[in-house]
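K.L.:
If you read the protein sequences in the order shown, they are chains A and B.
The numbers in this note's numbering rise by one with no breaks, and the one at position 11 of the first sequence is 11.
The numbers in this note's numbering rise by one with no breaks, and the one at position 4 of the second sequence is 4.
No lab work stands behind these hints: they were computed from the structure.
The reader is advised that the hints may include incorrect statements.
With a Cα cut of at most 30 Å, we get these calculated DSS-like pairs of lysine-lysine [claimed, not checked]:
#1 40(B) - 19(B)
#2 413(A) - 432(A)
#3 392(A) - 45(B)
#4 398(A) - 8(B)
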Amino acid sequence: MSAEGQEKLWETKKYDDVRIYTDEEIWNYTDEDVANYKCKHDIPLLEQLEEGPWPSFVSDIKQEAVHRHKLAEQAPDKLLIPADVCDDLLGQVELSYVEKETHWKHGGIVGVFGYGGGVIGRYSDQQEKFPGIAHFHTLRVNQPASKFYKTDYLRALCDIWEYRGSGLTNMHGSTGDTVLLGTFTEQLEPMFFDLTHDLGVDLGGSGSNLRTPSCCVGKARCEFACYDTQDICYELTMYYQDELHRPAFPYKFKFKFDGCPNCCVASIARSDMSYIGTWKDDIRIDQEAVRAYVAGELKPNAGAFGNRDWGKFDIQKEVIDLCPAKCMEWDGKELKINNKECVRCMHCINVMPRALRIGTDTGCSILFGAKAPILEGAQMSTLVIPFIRVEKPYDEIKAIIERVWDWWMEEGKNRERVGELIQRKGIQEFLKVVGVPAIPQHAKEPRSNPYIFWSEGEVPGGWQRDIKEFRKRHPR
Amino acid sequence: MASIDEIKKVIVDFATNTKKSKFYFKDMEKAVQKVIPDAKSREIKKAATALINEGTLVYFSTGSSTMYGLKGRGISLETEETGKVE
Ligand code: HEM
Ligand code: HEM
Ligand code: SF4
Ligand code: SF4
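For reference, chain B alone in the conformation it holds in the complex (with noise of 0.2 Å):
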């Protein structure tokens, strides 16, 4: 079983370095269950849950769908409320 510590890490990784600034949870969950292949779902929810209340990672919604970013990466609060992107 791998600690939510380890999936954090992985988790970080991925937004990190992955093309897209923003992906769906679906894309994180293949991502870490590619370095971890036994992380179930849940624990990958709660280690991107504890991402999310830390700061680290951030929510985007279109209202319809939501996706998970790395904070500051991309698009941020800044860039969306004036429209000038970096």
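Bound conformation, chain A alone (with noise of 0.2 Å):
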């Protein structure tokens, strides 16, 4: 990521030491400024998308229209790519919702130097009429873990993609990274330069490659967190350096890292292997808790949906039935769990804060495969290790991750991703790449998967087949 010491860059470092404009023009429009601009294309179906209930993309570009033709009178030296390139923007969109076609070139060869990923180059096809998008790339800029960021970070990054770009970000892409929408060939070594010398952060990844990995809150903040996901992420970022950066994956491929079942970071349907914690023994109950939760002296779910009266809590319909274990039980006084049953779904403790907790016995589960509809359908990820200990280095994990990356590197196709194989392959396969015995769980719907077959040598005792003794019983 950044050279040695850049992590803690922003520890001392304040906006005013890198920043590019003044606050005159930083601030330079009104709310009337934005209602009365009118763009340089007309935009009719556009505008439509305005009408909605929810904030929309088109007046958000607007608005950075307005703000930069602003600073284009004020300070016309401090923009490096047109001043219009969120009119051309809007104009070619546009275009596209009139002819129902993209105008977008698709790839190329652009980049910073040495490195495969972090830019997606993109090109407009109608140069002529839209000449401020002519070139229209995207950075893609590692986030930090947790997206924790100072402001003075990111005024300093909004300054320079101001300067360097179009203004137009997207906080974050559903990768997780912060994603710099918009500018032309000749600043993306500059705007990399900005970036890793002036902001201390690198590029993410993007094509086939791994893409940056992403993190829930974690430890950081939340008391679900069976294991830090901040540190993983960082240190797995660290350490796959080669492969964030130069792509020679068959296809993309995605940590993230979830604290606990309750995937803030959805890591079960985004990524390609969803680290989700979770944890080996009893859910610690504190009864007189509980107590206080039917009392109503505590607000379940710690005040969350309070909006409304949903009428008394009622620790029965409210928790014991919606459990779906079944394995929850309470006479009036007293909780009980049979946590040999419980999945680990999360209801009872996010219902219960205060008087539930995750147990003590920690680690996480890994699962594979997920991913949006390319060749195939869209898919989340399937459990394959249930348990492993998350614990600095984490070599045990670095083992598996080199395991299924050289099996997928040497079996997948072209623009398969791991999932793909898996099912072309069999679960069954990939358990032995991973080098995991079978269990129930891994079968659990067997209509997507409904196989195992078990070797000899896989059966406590094997078996014999003596086909003469076979034949007498069963003549052909």
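Put the two chains together into one complex, using the hints given.
P.N.:
Structure representation (structure tokens):
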């Protein structure tokens, strides 16, 4: 990622050390200016989008357009790409809405020197009509673990991007990184220099490489965290720099780290390798606090959903009956959990966080294969490793990662995600690759994954088959 | 064991002569292993990275997947930016 010591850069660095724009230049427009803004191109279809109940990207882009037009008058030398990039972006999107066809060219050889990812090259195929977006390359910037930012950093990032790019950002892309939308080829290297030198951050992943790993807030703020999501996310980001920047995989590969099954970064749906915190021992129960919830002294769900009167808290209806494993019991005085049956769905803990806590023998489950529809349909990750310790320096986990990558690089077809390869080759072969024995949970859904064949060595006692004896009982 | 230089040479031959000007890592890997059967994919990646750093090969990315190509063969930065193909 960044050079040594860079991770502490923002402990001392201030926005003023790198700022480009004055306060007058930043706060240079009013709501009225935005309301009166007239785009260079007619955009009636896009403007319809603004009429809906939700915030619209059209309004956001207009706001930035107004800002840039004013900047062009105040400080023209402080905009290195066209001031009307936003106007032209809106114009081209409108055209696509009319024609129902994209005018972006797909892909390119642009990037920063030595990196195969982090820059997504885009060009308009209507460059005469929309010169401001003749080039509209996107940069992906590696976000800090759990997206903890200092405002100094964010303001510096916005300044640099206003100066060298469109000023349009997406915080954050679904991969998790900071997405900077739209600049020209000649700004890519200087932008990379500024990011790494002034801001102390690196580009993230794109293309056929390890994508920018991302994690939930974890132990930084959350009592449910079963392991330190931030630490492993940072460690694996640093350890697999080559895989992140120099693509040689059949396709993309994503890690996501959730501290518990609440899955705040949706690792189960959005990563090829999902790390989901879990525990082995019992849910800790504070019976007194349970009674306090029942008596109405504590607010269920820590007061969330409190904007409506749901009536008196009913532990039977709201907790016991909703337990998917049906392993809880309340006799009016004491709560009992049959932990052997508990599937760690988190429901009871979320409803009564003061009374119930995760166990103390913690680690994570590892699932593989989530993806959006590309070659095959969308799928969620499949449980492969029910429990593993998550402890520095994560050697056991790194060994699993490398076994999976080796197999996928060897067997995978071009543009085949690891989840699709598992489907094609079968979970059984994959279990051998990872080195875990099959368990009933691996075959939980017989229709998507019906067969596990056991070899003789895998069955205690093995078996012997005497074909002559067999034929005596079963003649041809 | 094949040396990095040998692998580099095979890659350049492949990149120069293959029908398509852009190819996936996998295609390059297969081409190398045809000539040097014991070349490991890690070594091939190292050789490819060296060729990228020397400016002999370039990456081509759609944003979701990545390919390799010989610099100057087929698509170049100029043709890409103007849309005019040689
Ligand atoms: C120039 C036209 C554009 C094209 C062809 C394009 C294409 C892409 C591609 C290929 C990806 C990456 C998918 C992957 O991870 O494999 C992506 C991601 C994304 N794009 Fe665009 N994009 C364009 C412009 C925009 C614009 C104008 C916006 C918003 C105003 C936008 C927002 C996003 C977001 C939010 C993501 C998700 C990022 C992530 O998942 O990390 N893109 N786009
Ligand atoms: C020795 C006895 C049996 C053998 C060897 C046998 C074998 C099979 C095989 C090979 C299939 C196709 C599986 C697939 O590819 O999806 C099948 C499907 C089926 N079998 Fe059997 N079977 C046996 C007994 C039975 C019995 C006793 C019943 C019902 C009482 C039964 C009901 C079915 C049904 C309903 C299907 C279709 C399932 C589906 O595709 O949804 N089978 N059987
Ligand atoms: S996934 Fe679990 S541990 Fe992580 S922030 Fe969400 S609730 Fe907390
Ligand atoms: S975590 Fe879920 S499955 Fe386990 S006891 Fe609570 S509600 Fe039941």
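K.L.:
Each hint needs a verdict: does it hold in this structure or not?
P.N.:
Evaluation of the provided hints:
1. 40(B) - 19(B): holds, 24 Å
2. 413(A) - 432(A): Status holds; Cα separation ~20 Å.
3. 392(A) - 45(B): holds, 28 Å
4. 398(A) - 8(B): This hinted pair holds, its Cα atoms lying about 29 Å apart.
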